[in-house]
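Enquirer: Listed below are the residues making up each chain.
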Amino acid sequence: MTDPNMTAHRATAARRNIHEYLAELEDIPGTRVYTAARARRGYHINQFAMSLMKAENRDRFRADEAAYMNEWPLTDEAKDALKARDYNRLLDLGGNVYFLSKLFSTDGLSFAEAVSTMTDMTFPEYRDMMLNGGRSPIGVRSIKGGY
Amino acid sequence: MARITAGVGSSHVPLLGVAVDQGKTRDDYFGPIFAGYDWTREWEAKEKPDVIVLVYNDHASAFDMKIVPTFAIGCAERYKPADEGWGPRPVPDVEGHADLAWHIAQSLILDDFDMTIINEMDVDHGLTVPLSMMFGTPEKWPVKVVPLAVNVVTYPVPSGNRCWSLGEAIKRAVESFPEDLNVQIWGTGGMSHQLQGPRAGLLNREWDNKFLDLLIGDSDAARWIPHIEYLRETGSEGIEMVMWLIMRGALGHKTRLLHRHYHIPCSNTAIGHIVLEPAD
Ligand SMILES: [Fe+2]
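These protein sequences, in sequence, are chains A and B.
Using my numbering, read the first sequence as starting at 461 and increasing by one per residue.
Using my numbering, read the second sequence as starting at 107 and increasing by one per residue.
Keep in mind the hints are simulated off the structure, nothing from the lab.
Computed from a predicted structure; not experimentally measured.
Do not rely on the hints blindly, as some may be mistaken.
To be verified - In silico EDC-like cross-links for lysine to aspartate or glutamate, where the CA-CA straight-line distance does not exceed 20 angstroms:
| id | chain 1 | residue 1 | chain 2 | residue 2 |
| --- | --- | --- | --- | --- |
| 1 | B | 246 | B | 201 |
| 2 | A | 543 | A | 525 |
| 3 | A | 514 | A | 524 |
| 4 | B | 186 | B | 245 |
| 5 | B | 172 | A | 531 |
| 6 | A | 514 | B | 189 |
| 7 | A | 514 | B | 228 |
| 8 | A | 604 | B | 339 |
| 9 | A | 514 | B | 226 |
| 10 | A | 604 | B | 335 |
| 11 | B | 154 | B | 286 |
| 12 | B | 186 | B | 201 |
| 13 | B | 172 | B | 228 |
| 14 | A | 514 | B | 170 |
Put together the whole structure using the sequences plus the hints.
Expert: This is the structure:
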């Protein structure tokens, strides 16, 4: 407590400005951080996806996707993106990957294969990139900073 | 008195659980990952901890968006492996230590940490994969577990500093439990990975190893790493590493390194593993 360094850090932490904090989260290329704003927007998408944890719901969804989605208060935009399995669009609409992964498993896709559909690579290309050490952070850390 | 004798950090990638459950842990792909845990499995067999305070995050298994607790502690007698959409893992049920868990919960609340109490839940790969990595495939887990679930999904997640402080409070709580127990604390998740968007697949060997370095010795620099640095450097899901800071905070002022392992890749993720002991 008496360490002046620690006191300075504490003061810095306390001064953290919520607007600056949230703005920084939007400054990462190719990334949608799951902020409160996205969580609010995507609430029903994520709760719908969560329902697919149950085998009986997966069966009902597979039998008639449109009818099952109609049981949820989803926008037409969300239903279209879900139907198309357009995961980047779903992230924009407030979907979160851990919830959307229930749709991956319903479709019988591995996590890596589903994730690769959000990149500009095919699954074999994506897998090779991972085997070769993954995507480098160089140049994709900050939109504004360009580093 | 109960005491925290060691801390373990480990990734908890679901695919590692699949490798264990399908007996593929020594193939070309998984062999180098599991080889890095051999030391720890032997060490755990000798250490015989009574209880693990297991810090992890739920991945839309027990919790959905209805309720999002920042820090939640499991006070139940037992927990079943969750069905995450692929069917539950064929691993033993996890036995809780309700007496210690309730003691820690009360002690943390009196220490200004407003914990959520969990009396019933299923536990997902975040908790069962580390048990498999450290104990293999026994009939029954050789330890009791106090699950400590952290929100690292919905922002803002807790700061590194808050996680470290929670670890310090857990140390005080454990040390005031009258029974003589050998307790370990595990921090799980990470290391670098991003599972979403066009930037998916990001890994950062250099940063991850710098983070491991910071956990050893008497530095507390890691507690001040801001969220944005994890996000930029280690991918959106790399933020899980704040959970390792709860483990580190519970080990006191100074740590000694017992074992360390790093491997790229496992599916989308960098595997990191460290074993530390308090060195005050
Ligand atoms: Fe995780």
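Enquirer: The structure should be examined with respect to each hint, and the outcome stated for every one.
Expert: Quick rundown of the hints versus the structure:
no.: 1; hint: 246(B) to 201(B); verdict: 9 angstroms, holds
no.: 2; hint: 543(A) to 525(A); verdict: 8 angstroms, holds
no.: 3; hint: 514(A) to 524(A); verdict: 16 angstroms, holds
no.: 4; hint: 186(B) to 245(B); verdict: 14 angstroms, holds
no.: 5; hint: 172(B) to 531(A); verdict: 18 angstroms, holds
no.: 6; hint: 514(A) to 189(B); verdict: 8 angstroms, holds
no.: 7; hint: 514(A) to 228(B); verdict: 14 angstroms, holds
no.: 8; hint: 604(A) to 339(B); verdict: 15 angstroms, holds
no.: 9; hint: 514(A) to 226(B); verdict: 18 angstroms, holds
no.: 10; hint: 604(A) to 335(B); verdict: 15 angstroms, holds
no.: 11; hint: 154(B) to 286(B); verdict: 13 angstroms, holds
no.: 12; hint: 186(B) to 201(B); verdict: 9 angstroms, holds
no.: 13; hint: 172(B) to 228(B); verdict: 16 angstroms, holds
no.: 14; hint: 514(A) to 170(B); verdict: 13 angstroms, holds
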